[in-house]
Amino acid sequence: MHQDATYRLETPDNVELHFDLAGPGSRFCAICIDAVVVGGMLLALILVAIVIDAALPGALSAIKELKADRGLFTSVGVAVVLFGVAVINASYHLIFELFWRGQTPGKRVMKIRAISDDGTPMGPTQVLLRNVLRMVDFLPAGYALGGVVCLVSDASKRLGDFAAGTIVVKEGAVNYRAKTDTKNAPLAAPALGANPELLPDESRLVQNFLSRRAELLPLARGRLAEQIAGPLYDRYGGNWDYAESYLERLAAGRHRDK
Amino acid sequence: MDGSASTHFVEERSSRWDELDAIVEKASKKGIKRVAPAELEAFLRLYRSTSADLARLRTLGVDGSVVDRVNRLVGRSHALLYRTPSEPLAIGAFYRTDFPRLFRQTWRFSAASVLISIAFFLMARSVVAAHPEIVADLVGGGGAEFSTSHHAGDFSERFQAAPGPLITSFVTTNNIGVAFRAFAFGITFGLGTLYVLIVNGAMLGGFAGAYEQSGLGREFWFTVLPHGALELSAIMIAGGAGLAVGWALWSPGRRPRIVRLREESLRAVRIAAGLIPAFVVAGAFEGFLTPSRAISEPVKVAIGAAAAIVFWLYLTLAGGSVAT
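Top to bottom, those sequences are chains A and B. Per my numbering, the very first residue in the first sequence carries number 1; after that it's consecutive. Per my numbering, the very first residue in the second sequence carries number 1001; after that it's consecutive.
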């Protein structure tokens, strides 16, 4: 349903920009990675506290006049650790998205980024808002609410994205220059217009499919090939073996060949 | 258009795209301020021509991967060009003018929040006065913490036992959490915010009722008010920010709810964030002023009340008039 969702944006100079939206899956993976990173930080904090406690006996341990059954804390160490936990939990996403321009370690691994839905980097208020609303999206547990909202919303937004006016997009490997696609060279499509029988639209469709099929998952690729080739076969006939082969030969005008 | 013409177009333009790509790459690595003026001019020119190329490419129906890479290039240029000049987190200006103005723009919601809190405070207090046995239900988990303190000495000792810096840091983070929660749940059409305010008011009322019943009302208020005056003010204002968001969802006017949600929550989150220093001060009071044995109790209350009054005066008077 949301496979390959595209967010279309009209810029002030009337250019239509397309962004590939990050789906709920990659966003959830990013969140999981971030949770592991936060867990690691907390663990490190606790270990440091334990080491300090061992190295300097008494530095962090119980305060004398404190009665365990009545006081808030039984030891300064525990209090410092708990305070550190609260601070890390509250500020992890905020700080990273602020200084890594919309990315956290998890988002970086998943190659996704939160940006403002006008295509520009987020401002500080937007970063704050989308992360404050994280606690609502998290409800009742494990980002259930945010996940559902993300699944049903047009641009895969969670509540925080709606409020802050942000979207999460795929970074897309920016190999802008080296797009020669050598791996799939033998599958390269014949030049557009090689089959004069085809209408321009049809020719373009086939061309597009043939040049991009390597990027598709096998199942989607097969299904798409069938969808495109079926009607064309009905119209132009020729020799059918399987959909992709038919399209290759049709594009080159050799669809009647054996 | 046939294949050769579109290929020709791509070949003809790709050197310009490369040129633009080089500038964008440089600008995003070194920062746009380090790019030479001549290059900036070239950037603007190339951005415009490449945008036009993108539109052209889409109508030509050339190879999708070419459209993709030009789209990406224009996207990156666009982000560079229209980036909001990175607000240097202008904290000074925010507190001089923006924050008090924001408060006054939304004062009705803060007032509503205060009234709701007071209503449930009074309700809980009178209920506990009539039926002291329900206090444990009313104050929830907090009851356990207080159940051990049955006389005045215990109650104030609770604050004196733990060291000040710890109390301060804990109470401050906790209160900031409550405030942001009160704001954030505004997105549930205000219902979550109402819940936070009601629980907060009822808990305070429950405690107050219980201590007053046991004849410890004076100790209770002397212990709560030095830090509580400011702290409760700030929590109620944060609740007001949440109510403002909730109200925008109930009654969006002519514009779509989603637009109103954005407007209101971007405004209200700044109020919630602006309250952080108030919580730090209140937390410091709770950690150092409330447990102090050197300062007499009426003086503590006076200091706490003075801080709250200064805070409210600042909110109502500072920052000049609102332009709207």
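Some hints here could point you the wrong way.
What the hints assert, rightly or not - Label-pair restraints from in silico Cβ distances:
no., chain 1, residue 1, chain 2, residue 2, range
1, A, A220, B, E1011, 50 to 58 Å
2, B, V1299, A, A35, 31 to 39 Å
3, B, A1038, A, G238, 40 to 48 Å
4, B, R1096, A, E215, 35 to 43 Å
5, B, S1251, A, A35, 55 to 63 Å
6, A, A141, B, Y1314, 47 to 55 Å
7, A, G25, B, T1059, 45 to 53 Å
8, A, V109, B, G1177, 40 to 48 Å
9, B, K1033, A, A35, 35 to 43 Å
10, A, G25, B, T1007, 30 to 38 Å
11, A, T6, B, A1005, 21 to 29 Å
What the hints assert, rightly or not - A short list of chain B residues far from chain A (calculated; beta carbon distances all over 12 Å):
no., residue
12, G1064
13, G1092
14, A1294
Think of the hints as simulated: they come from the structure by calculation, not from any bench. Just so you know, these numbers come straight off a predicted model, no measurement behind them. The C-beta atom is built at its ideal place from N, Cα and C for all residues, glycine as well.
Going through the hints against the structure:
{"no.": "1", "hint": "A:A220 - B:E1011: 50 to 58 Å", "result": "violated, 31 Å"}
{"no.": "2", "hint": "B:V1299 - A:A35: 31 to 39 Å", "result": "violated, 48 Å"}
{"no.": "3", "hint": "B:A1038 - A:G238: 40 to 48 Å", "result": "violated, 57 Å"}
{"no.": "4", "hint": "B:R1096 - A:E215: 35 to 43 Å", "result": "violated, 53 Å"}
{"no.": "5", "hint": "B:S1251 - A:A35: 55 to 63 Å", "result": "violated, 38 Å"}
{"no.": "6", "hint": "A:A141 - B:Y1314: 47 to 55 Å", "result": "violated, 40 Å"}
{"no.": "7", "hint": "A:G25 - B:T1059: 45 to 53 Å", "result": "violated, 33 Å"}
{"no.": "8", "hint": "A:V109 - B:G1177: 40 to 48 Å", "result": "violated, 28 Å"}
{"no.": "9", "hint": "B:K1033 - A:A35: 35 to 43 Å", "result": "holds, 37 Å"}
{"no.": "10", "hint": "A:G25 - B:T1007: 30 to 38 Å", "result": "holds, 37 Å"}
{"no.": "11", "hint": "A:T6 - B:A1005: 21 to 29 Å", "result": "holds, 27 Å"}
{"no.": "12", "hint": "G1064", "result": "violated, 5 Å"}
{"no.": "13", "hint": "G1092", "result": "holds, 15 Å"}
{"no.": "14", "hint": "A1294", "result": "holds, 17 Å"}
Checked against the numbered hints given earlier, the structure breaks hints 1, 2, 3, 4, 5, 6, 7, 8 and 12 and satisfies all the rest.
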